[in-house]
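Residues per chain, in single letters:
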Amino acid sequence: MSLDEKVTLEAYVARPPTRKCRQVIAVMEEMVRRYPDQVRLVVFEGGAEWPEEPSRALRYALHKGSTVPMCYVDGKFLVGGKVPTLDEVERGIKSALEPVEGR
Amino acid sequence: MSPEWRLLRDGITDAHHHFAVEEALVRLVDEGLSPPTLRLRQVRRTVFVGVFQDTWAEVDVDYCREYGIKIVRRANAGGAVYHDAGSFCYSAFFPRAAFPQSEEKLYRLFAAPVIRTCADYGVTAHFHGRNDVLVGERKIYGSAQIAWYDTFVQSGTFLVNMDFDVMDRTLTPPALKFADKPARSVKERVTSLAREVGRELDTDKVIERFTANFTQVLGIVLMPGDLTPEERELADELLAVKYSTDEWNFGTRQAYGAMVSARAKGGIVSLFADMDGGTIREARIRGDFLVSDRATLEQLERALAGCRPKEAQVVVQAAELPPDVRETLARLLAEVGPEKEEAARPAETDKDG
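These protein sequence lines map, in sequence, to chains A and B. According to my numbering, the first sequence is numbered sequentially starting from 1. According to my numbering, the second sequence is numbered sequentially starting from 1.
Note that these hints are calculated values from the structure, not bench results. Cβ coordinates follow ideal geometry from the N, Cα and C atoms, glycine included. Some hints could be false.
Stated by the list, open to error - Here are the simulated distance ranges between beta carbons:
#, chain 1, residue 1, chain 2, residue 2, range
1, B, 188, A, 33, 38 to 46 Å
2, A, 98, B, 277, 52 to 60 Å
3, A, 75, B, 121, 46 to 54 Å
4, A, 95, B, 318, 33 to 41 Å
Stated by the list, open to error - Just a sample of chain B residues kept apart from chain A, beta carbon distances all over 12 Å, derived:
#, residue
5, 13
6, 30
7, 164
Excised from the complex, chain A in its bound form (with noise of 0.2 Å):
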């Protein structure tokens, strides 16, 4: 699978994080431990240069508003305002994860 086709999770967390905002970190990056081949992390920090430009609806969603954290799946809102579990990732991953395998 190659860097394109990875799944992407955005956390959007404070600048510098919180201990809750290294829970998100934490937990996001368990999955990308679980999930090498197919998942990538980006995390936005408040206020920092974008490593990256956000997915369509993260960067609306910045736009919008301030919730800290925010977090993404493939461009899908996961959770804001709160520590995601593992679940709730590894669930929004094995979603977004279907219709690839699926081809």
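Following the hints, complete the assembly by docking chain B onto the known chain A.
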């Protein structure tokens, strides 16, 4: 028994320090280390820039520097606003569960003390749109929210006494922002309680009225308090690593010779260009239109460097952008050139004079 909140008037007037305290409070309320708090604050002359705005495009940075007006980026979205000590802001920090209403309802709830305070001075104000209070068609109060894990921050600015001339001079929003509004400038779009009453007001007395109305509307008790040592320490840390830095307040953009904007179907498109004679030395494309891939814009910016505007138009037409953005950008390129750049500079000098 009514819930008890801390009433905080820390007297911090430096805008950078002020925002560092704001973030320290939300972080510590969220950790359960600080109580629910109403913070009332006044700042010296400052422009607050929204977290996603381009400071150089929205603010007359040179004017602000010349007249000692600070520029600081705030942590939430929205437009650039000018503040001075004639007005005041509040921030309410509380557990989200304490007021579980929708965000829309919270905007209305927290606007009510402002409307009541206006009424106390014989001024009829009304809630408008998503988060404003107007007197007639002019805005007297604006507000913003931050949802931060289990904590919520509702902030607002109430214009009491305001130097509208300085405000108008500091803000340089694209004229397009007013294209669909009756007002042609920020100055025409806003008002203050003093302007409506017809005399200068004692801001402290207005704050007292607002505070009394706030407790009634929210059904809480306010107990005066100070910043805790933990809050001070965290605020100092955030000030040092974030709010006092140019990286945070200005971003990395440099001043460009020419800036032109136009409204496309998908939003405002701005083109910043540094010209070398008739050639684009460097270009930057910004705006509030949506693109799915930032890399496309960056690639296009690189491709425009070294082009004459007409050549650049051809490059833009081939770019993978929404058609309306592409067309708008091509039109803007026709406006960029050495003449445009030269024309922009004397005009700014004249304004300062």
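Quick rundown of the hints versus the structure:
Range check, residue 188 of chain B to residue 33 of chain A: about 57 Å between beta-carbon atoms, so the 38 to 46 Å window is missed. Between residue 98 of chain A and residue 277 of chain B the C-beta distance comes to about 56 Å, which sits within the given range of 52 to 60 Å. For residue 75 of chain A and residue 121 of chain B, the Cβ-Cβ distance of about 49 Å falls inside the hinted range of 46 to 54 Å, so the restraint holds. Between residue 95 of chain A and residue 318 of chain B the Cβ separation comes to about 36 Å, which falls inside the hinted range of 33 to 41 Å.
The beta carbon of residue 13 of chain B sits about 22 Å from the closest Cβ of chain A, which is more than 12 Å, so the claim that it is off the interface holds. Listed as a non-interface residue, residue 30 of chain B fails to keep its Cβ farther than 12 Å from every Cβ of chain A; the least gap is roughly 7 Å. A cut-off of 12 Å between C-beta atoms confirms that residue 164 of chain B is not in contact with chain A; the least separation is 28 Å.
In this structure, the earlier hints numbered 1, 6 are contradicted, and the remaining ones agree with it.
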